[in-house]
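Full structure from sequences and hints, please.
As a plain string of letters, each chain reads:
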Amino acid sequence: MSTRATTESPIMRAVLITVALVFLGFFLLLPLLAVFSEALREGAGPFLDALHTPDALAAIRLTLLIAAISVPLNMVFGIAASWAITKFQFPGKALLITLIDLPFSVSPVVSGLIFVLLFGANGLFGAWLAEHDLKIIFAVPGIVLATVFITFPFVARELIPLMLEQGKDDEEAAISLGASGWQTFWHVTLPNIRWGLLYGVLLCNARAMGEFGAVSVVSGHIRGETNTMPLHVEILYNEYDFVGAFAVASLLALLALVTLVAKTVLEWRFGLHAGARH
Amino acid sequence: MIHLRGITKRFGDYPALHGIDLDVAPGEFIALLGPSGSGKTTLLRIIAGLEFQDSGTVLLGGDDVSRTPVADRHVGFVFQHYALFRHMTVADNVAFGLSVRRGKGRLPKAARRARAEELLRLVQLEGLGPRYPGQLSGGQRQRVALARALAIEPRLLLLDEPFGALDAKVRKDLRRWLRDLHKAMGLTSIFVTHDQEEALELADRVVVMNQGRIEQVGAPDAVYMNPETPFVSHFVGETNRLPAPGGEIHFRPHEITLAADGAEALLVDNVFRKGAVWRAEGLLEGSGQFVELDLPSSGDAPQLGQTIRFHPHRARMFNAAGDHTQGETR
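Chains S and L are the protein sequences, given in the same order. Counting with the working numbering, you get residues 1 to 278 for the letters of the first sequence. Counting with the working numbering, you get residues 279 to 608 for the letters of the second sequence.
It is worth saying that the hints were derived from the structure and are not from the lab. One or more of the hints may lead you astray.
Stated by the list, open to error - Calculated pairs, DSBU-like style, for lysine-lysine (alpha carbon to alpha carbon, straight line, at most 30 Å):
(1) S:K168 / L:K552
(2) S:K168 / S:K93
(3) S:K168 / L:K450
(4) S:K263 / S:K87
(5) L:K461 / L:K447
(6) L:K461 / L:K450
Just so we're clear, the structure is a prediction, and the values are computed from it rather than from any experiment.
Here is the structure:
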């Protein structure tokens, strides 16, 4: 009786499932397969050669370097922001919560332009930087800044709901037992948020390596110097080097797959997040 | 032991406490009793140092701790939802307060473990040390939380709704057990509850709170028998109210005498057995006031539609301003 109200007829169900699967296959699976098949079209040799060019290796190195700097930074910023928001009352808290989402709501190109306007040759600090011979735009620091900005929300967005749900009883219990702030953080808070944190870091890392728009604006596309993997893919593609472009792209796609698998394993293993948000 | 003077606290525009004065003697077992929003938990947290008062002073054992943070007050605090560290074993939870200690007071690991084992024995959870909190029942978790709070040898034990999250049977057992433990240890203790039965059963003295003020402080018997305000009369125990010239008369359901010439007549519209007595409910003839009466269950059950004539043999009169004017006996 009551199941009729909540369950669709078998035909309807079959139609819905088919539509969803066709959609997924067409828009997600097919492109993914295309990337790998294009990369391997001329066999494994040219694929590996394409990855072995000095420019490709430099792009891979740079991407790893950018991620190695920006992910730990955002891990620290994300924990600090979530801690402040969930454990304390202070004026401007609502504004801070809104600002955390800013990088998600602003177009990445605009995010990049912000840094050009600030640090570029004609930017706010441009003259001062030139005087002191510091290069930010069209150099690695600019790429790091843009990446940190773009990937800032991932850790904080993961932790804030988790820490709100956990409340501050555990922390209060710890300090009432005589623990210092650091002891409370290391022995109580961090273990409570570790899986959510790992999840946020995974997503942050995937985006840090894959970001194109903002990085493209600040990088200057100097081959072997300021070209990250996504930028390198674009350059090779524009030069009709399809095997090269897809070879590098397949590495990025592989990273995405590894992230997804790791995320699924985490969710399955620890029953994380009834409603994941990204 | 504890002296509170003029404690006030506001949360934004909401006044939580208006000038609380309270003295607690060493070894006393005190209940803070009140409905939600009465400020009882806020007061407990201020005594602990988890919250700070806007004005007023807190003296603990002669020390002014008004601005001392919780970590330096040496009080044991048991949280309503236990707040056990779920990634640590029960033994590590109990020993937490000892293992975070730095400097000369720090015990070696073996001594900490022995102390945890000893405390688990005290709370009758011997052998459960290697388990995790998730593997324990609610009552067991509450006792682990208590053992953890006792591990730091607090000078004061504070419990926030200690039985609130437990089912009725476990609650009753744990209540008796806590009372025995308090008797054995003699540790000054304060617990917060909204359950008057709990307060009356456990406490040496009950502090009845309402809207950020103390309504009455007294032994359970005194608070029940001689409530000083209409709120206490209504909140502690069951009370019937009769309008009277200039105020209200309050009497308990059992404070009546049946009499054929009784001044009041109850038209019974509901009857049920309430433990050892019959409970008859209905409206009074004339005033139409809703009244509950307890009648001895040795007699026949009252019939629906029957009229019971009675008069209160013991009652209290409160004037319109809510002041207690007299304890009237008829």
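Cross-check of the supplied hints:
For the hint linking K168 of chain S to K552 of chain L, the alpha-carbon distance of about 42 Å lies beyond 30 Å, and the restraint is violated. Proposed proximity of K168 of chain S and K93 of chain S is supported: the alpha carbons are some 17 Å apart, at most 30 Å. Annotation: proposed proximity of K168 of chain S to K450 of chain L holds, straight-line Cα distance about 29 Å (limit 30 Å). The straight-line distance between the Cα atoms of K263 of chain S and K87 of chain S is roughly 27 Å, inside the 30 Å bound, and the hint therefore holds.
Pair hint K461 of chain L plus K447 of chain L holds up; C-alpha atoms about 22 Å apart against a cutoff of 30 Å. Restraint check: the Cα-Cα separation between K461 of chain L and K450 of chain L comes to about 17 Å, which is no more than 30 Å; the hinted pair holds.
The earlier numbered hint that this structure contradicts is number 1, and it is the only one.
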